[in-house]
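K.L.:
Start from the sequences, fold in the hints, and give me the full structure.
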Amino acid sequence: MSGHLLWIFLGAMVVNNFTLSYFLGLCPFFGVSGRLDTAFRLGLANIFVLVITSACAWALDRFILPYAPYLKLISFILVIASVVQFVEMAIKKLSPALFRALGIFLPLITTNCAILGLALFQTNRGYGFLEGIVFAIGAGAGLTLALVLMAGIRVEVELSDVPAAARGTAIQLLIAGILSLAFMGFAGLLGAG
Amino acid sequence: MKARELSVREELLKGLWRENPVLVQVLGMCPSLAVTNTAPNALAMGVATFFVLVGSSFLVSSLRKVIPKPVRISTYIVIIATFVTIADLVLQAFVPGIHKELGAFISLIVVNCVILGRQEAFASRHGIRLAVADAVGMGAGFTFALFLLGATREILGNGTLFGVSLFGPNFEPWVVMILPPGGFLMLGAILLVFGAWKARAAARAKAAAVEPLRKAAA
Amino acid sequence: MSDLASREHEPDSLILRAAPYVSRSLTTPRLMTEVLIALVPVVAAAVVFFGPSALLVLAASTLGSVLAEWAFGGRRGFVAAFRDGSAPLTGLLLGLTLPPAIPLWMAVLGGAVAIALGKTVFGGLGQNVFNPALVGRAFLQAAFPTVLTTWSPPAGEAAPWLAWRATNFAFPFLSRAGVDSVTAATPLSLAKFQGVTTAVPSLLSGHTAGSLGETSAGLLLLLGIVMAVRRLFDWRIPLAILLAVAAFGGLLHVLLPARCPSTLFLLFSGGLLLGAVFMATDPVTSPVTPRGAWVFGAGIGVLVVLIRLFGGLPEGVMYAILLMNAMVPHVDRWTQPRPFGRGRAA
Amino acid sequence: MKTFQHGVHPAEHKDATADSPTRRLPFVSHYVLPLAQHGGRPSKAIVTAGVRVERGDPVAEPDGFVSTTLCAPVAGTVTAVERRRHPSGALVDAIEIAADPWSPQRLPSRDPLDWAAMPLEEFVAQVQRAGIVGLGGAAFPSHVKYKVPEGRRLERLAVNGCECEPYLTCDHRLMVERPEAVVRGAMILGAKLGVREIVVGVEANKPDGIAALERAAKEAAGSTDGPTVDVVPLDVKYPQGAEKMLIRALWREEVPAGKLPLDLGVLVNNVQTMAALADWFDRGVPLIERWLTVSGPGVREPANLVVPIGTSVRDILHHCGGLLPEAREVVLGGPMMGQPLATLDVPVLKGTSGILAFTEARAARPTEYACLKCGRCLEACSNFLNPSRLARLARAGRFDDMDRAFAMDCMECGACSWSCPSNIPIVQLIRVAKSEIRKHGKGTK
Amino acid sequence: MSTGSSVIVPGPTREPGSLKLVATLVVAGVLSGAGLVATYDATLPIVQANQARALREAVFLVVPGSTKLEPFAWQGDRLVAAAEPGTNASGAPPAEVFAARDDAGTLLGYAIPAEGAGFQDTIRLLVGYEPAGRRIVGVKVLESRETPGLGDKIAKDAQFAANFEALAIDPEVVLVKRGEKTAPNQVDAITGATISSRAVVKVLDAVARTWASRLESAS
Ligand SMILES: Cc1cc2nc3c(=O)[nH]c(=O)nc-3n(C[C@H](O)[C@H](O)[C@H](O)COP(=O)(O)O)c2cc1C
Ligand SMILES: Cc1cc2nc3c(=O)[nH]c(=O)nc-3n(C[C@H](O)[C@H](O)[C@H](O)COP(=O)(O)O)c2cc1C
Ligand SMILES: Cc1cc2nc3c(=O)[nH]c(=O)nc-3n(C[C@H](O)[C@H](O)[C@H](O)COP(=O)(O)O)c2cc1C
Ligand SMILES: Cc1cc2nc3c(=O)[nH]c(=O)nc-3n(C[C@H](O)[C@H](O)[C@H](O)CO)c2cc1C
Ligand code: SF4
Ligand code: SF4
Ligand code: SF4
Ligand code: SF4
Ligand code: FES
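Protein chains in written order, with the working numbering: chain U, -5 to 187; chain B, 312 to 529; chain L, 277 to 622; chain P, 2 to 446; chain A, 3 to 221.
If you are wondering where the hints come from, they were derived from the structure by calculation, not from laboratory data.
Ideal Cβ placement from N, Cα and C applies to all residues, glycine included.
Please note that the accuracy of each hint is not assured.
To be verified - On the chain U side, residues computed to face chain B include the following (Cβ under 10 Å): (1) PHE17; (2) LEU18; (3) ILE58; (4) LEU59; (5) TYR61; (6) LEU67; (7) CYS107; (8) GLY111; (9) SER154; (10) ALA158; (11) ALA159; (12) ARG161; (13) ALA164; (14) GLY171; (15) LEU175; (16) ALA176.
P.N.:
As structure tokens, this is what we get:
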């Protein structure tokens, strides 16, 4: 069982990294500033929201959707956004320090595709509650890893004389492509090999 | 609003090329990359997005006087999600094969930045005619870009276009192109070519501007 | 006085140049040339073990790199392609990581991708984040996975040493239809998929299947020592890699003897030594700080062991180096030395 | 053997002059004394054209505390007080003296001063009166260093005999030929300031200098009531002579960034400065001449010379057989930190330690390649900076980031540039950036 | 670029007109709900028919000769009738295994969905199992993201598929190099895709271990 959970975790984090293999959360990935701490905190905020999302999606899938399957998308979006906002307010009250560290990112990510993608993948795959949480943490760790790597590389690239034609998004896409090639090395990790 | 008359024709064309949502604005990356490994998938995704975009823009524009500001985004999302669900169900019913290939990414149209962006930036501020023209232009531009991406990836990655073999059985496909890295690399390459082309055009324009001065000096 | 004055020479104008006025004799082209020279024995070994067609593959990948540098290198392209020596070095190193039977057109393509995607889009020499040769190889491996995981036995085993490999001559962009060549498993895939470990002496000598330049561990080890002594690279990196593989692999060998082959096998098989000596040490894509070199090397070592023993692929050196390349900006930042006269508190 | 961390070891090129005894340069016809000879404010001229001066007479007086006296290097007539070319290329106020061809040009002399009896204030004034500045290169007025602020104490005197730059051997020859003057000056200064330790740091490539100093130190032991002089051999490495590195080498202590050696209770002075102190207090000779090395592949007859301050570079080179036809570049100072000359018609200053001429082969601007991030510069930098990153930031104009990366700590020693296989002018880039940072009133402390 | 930067979630607000806000949302919700339900109802039969057809085809493929299927679930220690896939009739548990019969109603075997970790991602299979012969009689790959040209041969390679026409499950299902199959419980690997082949074998073996005894007791 714990092997299975480890596989879910590593699968979402590196083997099928949410960003580099599933193309989720690309907007923050390409938009992230070159600052390491921002990237890292954005990643943490993502993990946080993903875990909440996973729990919400599990509950909705379990208790509501059997009766109204056509509400899947709408309910996911609205419920996740509201719960995150609610949690955000709670954190603000309970731990202003944590809020300062993560808070500013929360509204930014509540409706990005990684969040919705997690909810959809998790229900499509029929993960249970615990599996869902592990999946969320793995996916968030993968997003964080990708964000942090990209942030570091961007700082370097800013100091380089990238040809004019490649500047901007093109070079970032190509870097993401190379990173994605490199992540192929994790294929089959803990799997059937 | 009356200061500069917006023409339907212009709105239609701008999304297709000058302000192409993928190639110029670089929006909606997640769906563009995830499902463009073949031309049919790309086209299906493009058409679904087109449908959602046009439908939402139509509704949002017609209801723009009624929807109060504070809840407008939530309302847009409800509207968009409705159209996406409809698109999802329809695809599932009529092209189950493609629906299976696209998987969760159809649902992810909901969060496609292009769609909400158009509602907020355009449909909520303009009349139905212009809003629909804008949506059609943007949707067509999005579909075009996705198709470009899907077609190049399928041709290189599989040696086929819409499943039709182009180079004969001995072609050695570049599998990478239909794998995830291929999505990043191909879009990167397309943007690079665009960038080089734009840089060349800019340089030529500058040269043209300087030419008379040079002649005068000589 | 005047006769003395006429003996004197007075330059028409003096050159104004900032200090320092002395420099070490080592220059970048010379560094590249020395590494190229160090590769001569590796190329020779490739020819010995895989026959003269090895030379064709190496020439093809080098050609691809040089042409791409010339075409895409912008204003500096010509200089870069023909003077500083880094483009041919990239092409040659790429060639040494390819399977002997690869179609030549793929080798040319790989060399070109290595330079175009791995180097010039980043702004050229010195500015790339990832090891260009390995970017080229990773691209080829993802594009043509079957070809890149199909190995030939050493020359002379299945066919005469002098024979050409038909697969090398596939027509550009086409596969080698109809040619059914003899294949062999590398020591690592034998170990992974059949549980057979190759004996250390054959690993050291190099008479096994594998990439053109990777098979002879003994030779690579020797060259590594020579290059370290000549200060061509930061000796900490290969040392850290080997230590990490030995330590982590050794630990796993003790804990899970069924799954993990012996440490010596891990050290001398696959591309580990080629990667550790010639690729992880690429100055451009490795950390600048001395402590960073240790971290970088250790990271590569651990990843190699993880991928080899727990991943799907038999070999992970290329991926380990590329992944750690991506970490280099952070490693450099974490290991930034403490400036003189600034205590830890500062 | 003691040394500091990092640093480089360029080829020494000292053989040409290390063993040749120092000669005295014959007098020439004219001497030019720029008033800006030292750190701090330029001196003020107290003579006008036509005035007759004797050798050693003051011709300019200090303009404020961080300034010093300037004395006539020869007997003769002031021919002009006007703007002349400074080695830096700028036009500056200068006094020109035509040597009196009939004068015997005797060195001034008087009885020794009773320095031990005079109050520190007066001692400091005497040093200023003698025009003594740091002869290790920076030419910072020495008396300023000796006037210790209220509440501070100097406890250790480090005499700098490293001479770590290639080619230069004048300090070396001074230690071999006049070790007693170096020891005497150090003992006077040490006793006067009440330090508890006097150490001469000498790089181990000067064994004869070390031996001579040790002998002189033994002979002079007990001649003052201060401590005796210890001679400490150091590993051969550039920039050992930089004062913070010398302190690190001798005592394994780091002067905090942005602070002075004074903060550790240390005073660093060059060996020639010590000899100059001895000459003044024992014999009444102010600082009117200095020892320097003429060398480099472009010079016909390399030599160590004692030259009057103000002698023109042309005259000195002429005395050394002139430049070779291949010579293309003439530098004042050492090859690592020296300053290029646009013309030979500039005078030698108090701080000039060498005149080096380089030939075409060496002078051609080396092709620059991209930074390989090979890390050689990092391992060269004894300040533990990241020169490669600083250079790249400088190229990108990111001066704020450079400030944050401690660019202001750079002492511009040039070790990084020397070590760079890509010939990147790292130290030049940093120097420009530093002035840019200063302009904006920033600078990490 | 992210879409959600200004999402305003419905909630109590003290501003005047809050009634209107809530009303708008309610109206939007109702309209959207109506649209959805209408589409859902219109497409549901087609979607279900598609799904049922796909399932039937798969089952009939992996259990050759079968023409009818019957869903079951394993509860306690016996097979119980399960919901027809595609419908969600309340009460019945979701189907875990399908009994496959021929026109005459004779039980030919079972089709069992199963999954496991492949080279790239999870591989989902439908396994045809014949309890009488204690052997696997067919395998269909329902879903895999294995590498095109390599791992995806598990779904396309006829020679590989031939392994499963009659694969004994005793003592265990094992993988051997291509061309080395000598015993009925061995599977010839796909050259160049050993890992994917092994993943399939692992899944098959796991299916055999869990289901063989269950189905034996059931039939
Ligand atoms: C503004 C200023 C004030 C200084 N004050 C002192 C001082 O009080 N005591 C001292 O020992 N050195 C003092 N110095 C001199 C420096 O410590 C140092 O010796 C001088 O800058 C030359 O060093 P360098 O040749 O290593 O660059 C001062 C320097 C400057 C620029
Ligand atoms: C890079 C560098 C190298 C130096 N090397 C020497 C040296 O070898 N000998 C020396 O006397 N001063 C050297 N200096 C100057 C010393 O830092 C210091 O200013 C001097 O020793 C103080 O003595 P002074 O005031 O008598 O000149 C060097 C300075 C720098 C920045
Ligand atoms: C890009 C790439 C994709 C691969 N995809 C698969 C795959 O889908 N399935 C698989 O079993 N092996 C895959 N491999 C693994 C290798 O082909 C591996 O060497 C092979 O499984 C070993 O089998 P062999 O012993 O028959 O050569 C892939 C390798 C690479 C480089
Ligand atoms: C010791 C050493 C190792 C090198 N290794 C590589 C390598 O593995 N791959 C490569 O493309 N270039 C290598 N180079 C060449 C050069 O650094 C490389 O082309 C740059 O990465 C291009 O910017 C190496 C150079 C040196 C000096
Ligand atoms: S002047 Fe130059 S050589 Fe002489 S001691 Fe100073 S740094 Fe060393
Ligand atoms: S060269 Fe001229 S100036 Fe020099 S010593 Fe000889 S005669 Fe005098
Ligand atoms: S020595 Fe030169 S090439 Fe090497 S890292 Fe420093 S600046 Fe770059
Ligand atoms: S010049 Fe500055 S950066 Fe370069 S080595 Fe010297 S102190 Fe370090
Ligand atoms: S489209 Fe994916 S985060 Fe915006």
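K.L.:
Taking the hints in turn, state whether each one holds.
P.N.:
Against the structure, the hints:
| no. | hint | verdict |
| --- | --- | --- |
| 1 | PHE17 | holds, 4 Å |
| 2 | LEU18 | holds, 6 Å |
| 3 | ILE58 | violated, 15 Å |
| 4 | LEU59 | violated, 12 Å |
| 5 | TYR61 | violated, 16 Å |
| 6 | LEU67 | holds, 5 Å |
| 7 | CYS107 | holds, 5 Å |
| 8 | GLY111 | holds, 6 Å |
| 9 | SER154 | violated, 16 Å |
| 10 | ALA158 | holds, 5 Å |
| 11 | ALA159 | holds, 4 Å |
| 12 | ARG161 | holds, 7 Å |
| 13 | ALA164 | holds, 4 Å |
| 14 | GLY171 | holds, 3 Å |
| 15 | LEU175 | holds, 5 Å |
| 16 | ALA176 | holds, 9 Å |
Hint compliance for this structure: hints 3, 4, 5, 9 are broken, all remaining hints hold.
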